[in-house]
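Fit chain X to the supplied structure of chain H, relying on the hints for placement.
2 protein chains.
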Amino acid sequence: MTESSSARGQSGSSSLNPTRSERAARMALSCVVDGGDPLVGDAVEGLGAQSTWVKLTEGAFGDPLVRRSTSVEIDRLERWALKSCVRFVIPGDEEWPEPIGDLRFAQAVQRRGGVPFGLWLRGPLHLARSMERSVAIVGSRASTSYGNNVATDLGADLAEQGVAVVSGGAFGIDAAAHRGALAVGGLTVCVLACGVDVPYPRGNATLFDWLAQDQLLVSELPPGATPTRVRFLARNRLIAALSQGTVVVEAALRSGARNTASWALECQRQLMAVPGPVHSAMSAAPHLMIRNGQAALVSTAAEVLELISPMGQNTVAMPRGAERPTDVLDAARLAVFEAVSAHRRSSVGNIALKAGVSVPVCLSELAALEGQRMVEGDERGWRLHQSQQRGLF
Amino acid sequence: MTESSSARGQSGSSSLNPTRSERAARMALSCVVDGGDPLVGDAVEGLGAQSTWVKLTEGAFGDPLVRRSTSVEIDRLERWALKSCVRFVIPGDEEWPEPIGDLRFAQAVQRRGGVPFGLWLRGPLHLARSMERSVAIVGSRASTSYGNNVATDLGADLAEQGVAVVSGGAFGIDAAAHRGALAVGGLTVCVLACGVDVPYPRGNATLFDWLAQDQLLVSELPPGATPTRVRFLARNRLIAALSQGTVVVEAALRSGARNTASWALECQRQLMAVPGPVHSAMSAAPHLMIRNGQAALVSTAAEVLELISPMGQNTVAMPRGAERPTDVLDAARLAVFEAVSAHRRSSVGNIALKAGVSVPVCLSELAALEGQRMVEGDERGWRLHQSQQRGLF
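First to last, the sequence lines map onto chains H and X. Last residue of the first sequence? That's 393 in the numbering used here, and every number before it is there in order. Last residue of the second sequence? That's 393 in the numbering used here, and every number before it is there in order.
Chain H extracted, bound-state conformation (with noise of 0.2 Å):
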């Protein structure tokens, strides 16, 4: 492959979209080179892939890359791809994602980053329209089943407002997530840490084939490339800048979805995080997100929607407990209200003296009150009515 080919691979592509072999190289890269190398990433956003990947192939990122660079077979490649509905997309397709780009200026977690060589896509849904209006939800395997509630209820939520809900296929808190948008009919994302047609965990086989068959399924990595610790960390960066905002619901101190949260963080994305219980440890990445002011507290999908909405729209009612009769009382009424015991009796004149006000304002307030049916009296006194009889907090 060569510079001189760009102008060569026009085939089958409009003019506004990225030439073949600028395709093929970023499909090459993506072969041989793990995602988020900020070294490959910068010869890339430098050079233009064509370029970077003749470096590549003459050594200039070390003699391994070289020798994986020889095993790569584009060919092949792209119509294993055709045959298995399986696409590769790049920046300027219309199904690129735009706003992965904040991950050009994002600072590297853990020495990875960068913007991502291509996505590899499996499913029908379009990934750049669905991104418009997404959240992640991410979590821990380990979760408890209060953390698998609220997931799914959040992502069941969300996906009935019409957001995608953008996770990544593992065991726990991802898979209800997940599950939650398919309960409901919504949109949900799966974007994954090895190949489009790899099924890892295994135990979410069934859900892989799901996502593959009605929704999506995303990964920078080719076909067949199995997952690896350092590709779970370049795969959560991937999670952060595709969504809009990242809700981080149950995550032990030492877990992924921390991971996730900082690249949320550094592409500026809103950060979320859903409280539990004090003694659980799943609860407790949250818990210090929150009170660090890193993460806004969230408990419901509308209070999502609210932060990752256009500063206005779908804003939240600020909640507030039923309106009690007493609310709508003036100042005397209440006080006089106040002072009618529960059950004993009361004179006129004792009501007026522990309210502070005189017999005559105390006795219109008193009926005031008997229209409403708060007070009752007869000739032995005034009492509360039988309805107000309330505890005092």
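Everything labelled a hint here was simulated from the structure, so no lab data went into it. Bear in mind that the values here come from a model prediction, so they are computed numbers and not experimental data. For glycine and all other residues, C-beta sits at the position ideal for the given N, C-alpha and C. Careful, some of the hints might be misleading.
[Claimed, not checked] Just some of the chain X residues that point at chain H, by a computed CB distance under 7 Å: (1) L39; (2) P64; (3) T228; (4) P275; (5) H287; (6) I290; (7) L297; (8) E338; (9) R383.
Leaving out everything else, chain X in the frame of chain H:
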């Protein structure tokens, strides 16, 4: 009582102490005017208690207060107090808690506010000294067992650290907090919305007996006074102002604890809230206050202590998970480690290719990893050491 009496009523008080008739005037005001009355409070601030009392008896604050004032018998009250081991402290007394003066500058909440005329005390604790390190723990009467457990734990853990636990003696969170402090032999102070001799709620009568015997009951209301809703609201400001900070453990959106929280903010005290399950109505108010940025999220007594301590004291170490063996590996060794399969044995060539390092580097890293018992190799190839069979995240 006249202004000239201030000169006469010196018997039994040191020169630093307020005069006897200043004390008598404040005592009389506490019997006639409900705590937090802004009009009479302002008059006391401006004119002093004795002049205010004279004006009150002359009708400056309305006929009802004049009528009430005629029933006040200070000498009888003082004799009763002496007999009942109840004392009345006023500004200038050694036991007067100076920080409560911050109520002078606090914006009145629900038109109640101001510094109390004096405080009725029952119990052996020294009020001012106890409040030097003090935290209010408040919350719902209708608390859950989760909330009660947290309140008891916080009360006990703070008391063990020498912090006095302030609360309101109500069912639920209040009682749980007092009991936590009592359980470890710590200090706890109960601020009532009735006289210090009135056991309200009656179900906590035994608790009040303990508190009167070993701890401290506090009220701005005279002996015998019964609670009203207005008095609860006025009482809440004392809880907030006496303490260095207020922790809301569980509270519905509509609750007295939120009123106490408002007072804590008005008095520039640290407001804290304990998170809980998002489905629990009793955690709705804490979550709202955290979400709004009014309250800091706290999970433990150590976190509370950090927030009420001077900067740099009692700081909580940034919590993090347990160290893993891989934490200390450099990039090349980690890459090699990650490229080794858990069960299937691989050749050095394959591992080098996967890790992106040269074969000599791979061999030396494998040898080092073998020394750390992280991988094991034989003539069939390399795999993870049995102690390292781990899941990916």
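Exercise. Kindly indicate which numbered hints from before are broken by the structure, ordering the numbers from low to high.
Key: 1 and 9
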